[in-house]
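All chains, please: the whole structure from these sequences, using the hints.
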Amino acid sequence: MHSFSAAHKLFVEIPKPNVVTWNTMISGYVHAGQFRYALSFFTGLERSHVCADAFSITSALSACSQLSLFKLGSSIHCKTVKLGMANGTVVANCLIDMYGKCGSVEHGVRVFYEIIDKDVISWNSVIAASANSGHIGLAYKFLHLMPNPDTVSYNGLINGISQAGKMEDAVQILSSLPSPNSSSWNSVITGFVNRNRAREALDMFCKMHSRNVEMDEFTFSIILDGIAGLSALTWGLLIHCCAIKCGLFASVVVGSALIDMYSKCGQVKNAESIFHALPNKNLVSWNAMISGYARNGDSAQVIHLFELLKMVRDMKPDGITFLNLISACSHNRIPFEVAISYFESMIDAYKIAPSIEHCCSMIRLMGQKGELWRAERMIYELGFESYGVVWRALLGACGTQADLQVAEIAAAKVIELEKDEGYVYVVMSNMYASFGRWEDANVTRGLMSTKRVRKEAGSSWIEIDVASFSDFLNER
DNA sequence: ATATGTGAGT
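In our numbering, the protein residues as written are 33 to 508.
All the given hints hold, so there is nothing to weed out.
In the DSBU-like style, the derived pairs of lysine-lysine whose C-alpha atoms are separated by at most 30 Å in a straight line are:
| id | residue 1 | residue 2 |
| --- | --- | --- |
| 1 | K301 | K342 |
| 2 | K348 | K41 |
| 3 | K103 | K150 |
| 4 | K383 | K313 |
| 5 | K313 | K342 |
Taking CB as the label site, the calculated pair distances span:
| id | residue 1 | residue 2 | range |
| --- | --- | --- | --- |
| 6 | K198 | R409 | 43 to 51 Å |
| 7 | P210 | K48 | 50 to 58 Å |
| 8 | C238 | Q98 | 28 to 36 Å |
| 9 | K451 | E471 | 23 to 31 Å |
Worth flagging that the hints you see were computed from the coordinates, not collected in a lab. Note that the Cβ used here is the ideal one computed from N, Cα and C, for glycine as well.
Listed below in structure tokens is the structure:
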């Protein structure tokens with residue numbers, strides 16, 4: 033049980049905090065997953081006249097890893113070099129991890145080579161960093177060079193291979209391990225779920241169960257995610273029971289995954305009772321419940337829960353909350369002006385920068401209202417004009433509104449920015465047809481057949497000459 | 001007194 037406000041209040045009363053006091057605050061926030069706060073205390077330490085030590089550095093680096101802050105992480109690396117502690121085993125281990133998570137294995141490997149006394153964690157970190165960045169061969173190399181690899185070493189490899197989607201290899205390594213632990217199994221299950229192979233994920237879950245490997249929060253959250261994708265309620269209920277047996281009934285992580293699973297299986301009532309019973313709800317739990325209501329078309333509950341969330345102390349909506357809220361507005365009968373005001377409050381009151389997803393959701397909303405020019409203007413205002421998905425959303429909105437003028441602008445943009453002209457051909461020919469402009473529709477269809485546009489099983493469109501359709505549009 | 005490696009939830 034954390035008590036940040038209490039700790040913070042105590043901290044500010046300390047007249048001259050020493051390095052240990054600072055470090056306790058930094059690592060406390062890291063452990064609680066509050067990485068930004070952790071880093072603000074690190075900055076505070078640096079601004080006061082206290083010198084950072086290895087403890088401050090390692091906690092700060094851990095925060096950088098989790099947030100993928102390459103620039104800050106590198107600047108801390110520079111500091112450690114100046115302070116002469118870059119080759120210290122623990123500091124170097126953290127640096128390897130930080131570089132790995134920031135997508136720069138090369139830097140991590142360089143740090144690894146400089147360590148004089150490499151310990152198990154140094155090796156495991158460099159293996160994980162290599163494997164997770166897709167350098168499986170490199171990970172194998174380190175694993176073979178390592179003096180006494182343990183389960184964690186192999187887990188790094190299994191995890192990387194699973195992330196790369198090489199599931200057969202991952203399963204093979206798992207079965208070759210003398211004593212795989214929860215993490216070994218979790219990595220493989222995660223790999224299957226992320227590749228939309230939920231059936232096999234379930235299979236692994238059952239094997240894990242029958243071999244009496246301890247199941248933790250990770251196991252349940254990922255398998256529930258797989259179940260949600262399958263909408264397999266019976267499995268969901270079974271796994272829910274299993275989680276309770278494992279003593280995880282009060283876990284926020286499992287609870288939030290259950291809320292999501294039940295609402296995706298159409299069982300909002302179950303989702304609701306999980307939500308209300310959760311003793312320590314976090315923002316993820318709230319967002320899961322709000323999106324559950326949104327998915328099931330209960331806009332009144334969406335707004336009700338959103339208003340409640342705003343009143344909870346230490347809790348404030350994030351970008352995902354607003355995304356759910358806006359999509360609920362477009363899928364349900366919520367007044368246009370209300371939706372707009374939510375979006376504006378997100379930007380103005382909550383200082384949340386709109387993402388491409390927000391932009392697309394707003395385009396759909398404006399499209400429904402017939403405000404296509406406003407949507408087009410918004411794309412530029414938000415600075416997303418160089419993203420094809422955004423124009424694709426606008427083109428889609430034009431299709432339902434039958435607005436040829438905006439559609440032609442959007443169509444040209446989709447062709448310019450994406451390689452997917454097939455979609456444009458289909459939408460445009462349908463639109464021309466709906467306007468009775470059969471000649472244009474036929475020209476479009478003709479272009480489709482001469483260029484052999486066809487939809488492939490994987491949903492990608494093939495070999496189309498970009499110029500021909502652009503010319504067709506420009507001639508108009 | 002305080003620190004590092006595997007995997008997760010909208």
